[in-house]
Amino acid sequence: MLLAEIVPTWYLLPLAMVISLVYSASRYELPDVILRRAFRLCVTILTAMLLAFAVLWILSYKL
Amino acid sequence: MTESKTNAASPEMAMEPHRALWLEANPWIAGVLAFLIPGAGHFYQGRWFKGTIYFFCILGTFLGGMKLGDGMVVYHKADTRLPTVWYATQLLTGAVALPAYFQGLRAAQPANRPLELSSISGTLTLPFEGELKAIGPGREGVGGPAKGTLTITSERTAFSYELGGRFVGTVGDRQVDLPLGGSRFLLAPQIGGGSGRALEVSIGRNPNDHPDLQRLLIGSTPRSFMDSFEAPPDQPSLNDVYRRLGARYDMAVVFTLIAGLLNLFAIWDCVEGPAYGFGDEQPRPAPSAENSAATIATEATSGNSATSSESRTAKPPQAVLKT
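First to last, the sequence lines map onto chains A and B. Count along the first sequence from 1, add 671, and you get the number used in this note's numbering. Count along the second sequence from 1, add 34, and you get the number used in this note's numbering.
Just to be clear, a hint being listed does not mean it is correct.
Simulated restraints on C-beta separations [stated by the list, open to error]:
# : chain 1 : residue 1 : chain 2 : residue 2 : range
1 : A       : Leu684    : B       : Ala122    : 46 to 52 Å
2 : A       : Val726    : B       : Thr118    : 31 to 37 Å
3 : A       : Leu730    : B       : Pro270    : 37 to 43 Å
Since the hints were made in silico from the structure, they are not lab data. Given the structure is predicted, the values throughout are model-derived calculations rather than measurements. Just so it is clear, CB atoms sit at the ideal spot from N, CA and C, and this is done for glycine as well.
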């Protein structure tokens, strides 16, 4: 069974990748620059979401 | 404008600057193509790499969202005067979301309503998949998953209509041939969201059954692609998809909305070019205060005001003169 079948949150992974690629493609023209910036943006998005998840998880501890 | 978009920063690049392909093609045609099919405008301009990214990423997100939401995510209800914000955003994805508008108009036609028993003329033969549900005393072991073919007729009685016909197929792993009866009949409209058309019929009474036992076939019959693709689902279908998919349905809606918004980036890039340039431009070194002062002094003495805008914006003249 796919991981996303269990927790729909996992769908955010491909979504973050797609957003990073399209956004970077709209900022730059050269393929290697697009890919490099897309990777950085994807890592940034996922880190931010992970941080938000950690904060919410701590705040909801023992609730 | 072409010059400002070419790269002449490094000596090698100055020898062979990048071509601003978006300036070499008709921006109107490119923009319309980019709207209709994500990436098509870039293909038209010869920007194959970016076109491929837009095509697969945006269409993949949109179609992935539709699949995730069982095809009931993108629709337009023609009873609202204007498209909803949701549909307007999905429509930004282009031609792939456009059929929803026309399906909404088709679905709003008066003829597209649930079929009633009195409207059946002749014999209606429908494939069925769903469940045989038994209600009341003696229901144990009667019901189960059902699959087969329904042959439905409508028989007029003194005051109303009664269901006739048969269900031939399987219930669980049993082969059955059940007579239909009673007056319970429900068949969802022909045009609507979802690949299945909700169907509910009552099974005729068996003399050996308990008098209060009721048996119903509840399920669906397949709907053609033309009648279901991006057609507006009715409320029971929406309730059903929410119940089955839960948060995945919301995620599916988000996918299609984001696809529409991302296509805005693609259209913009197609018409105006990349927002930050090619990406390998070298930043010019910031002028030091002494250099700036010297430059401004030279300008002042020579009376030449046509200096580069960069040196002027780097530091205001007054601030330089004070130092």
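* When you take the CB atoms of Leu684 of chain A and Ala122 of chain B, is the distance between them in 46 to 52 Å? -> violated (28 Å)
* Range hint 37 to 43 Å: satisfied by the CB atoms of Leu730 of chain A and Pro270 of chain B? -> Holds: the Cβ-Cβ distance is about 38 Å, inside 37 to 43 Å.
* **Status of the given 31 to 37 Å range, CB of Thr118 of chain B versus CB of Val726 of chain A** => holds (33 Å)
Of the hints listed earlier, the one the structure fails to meet is number 1.
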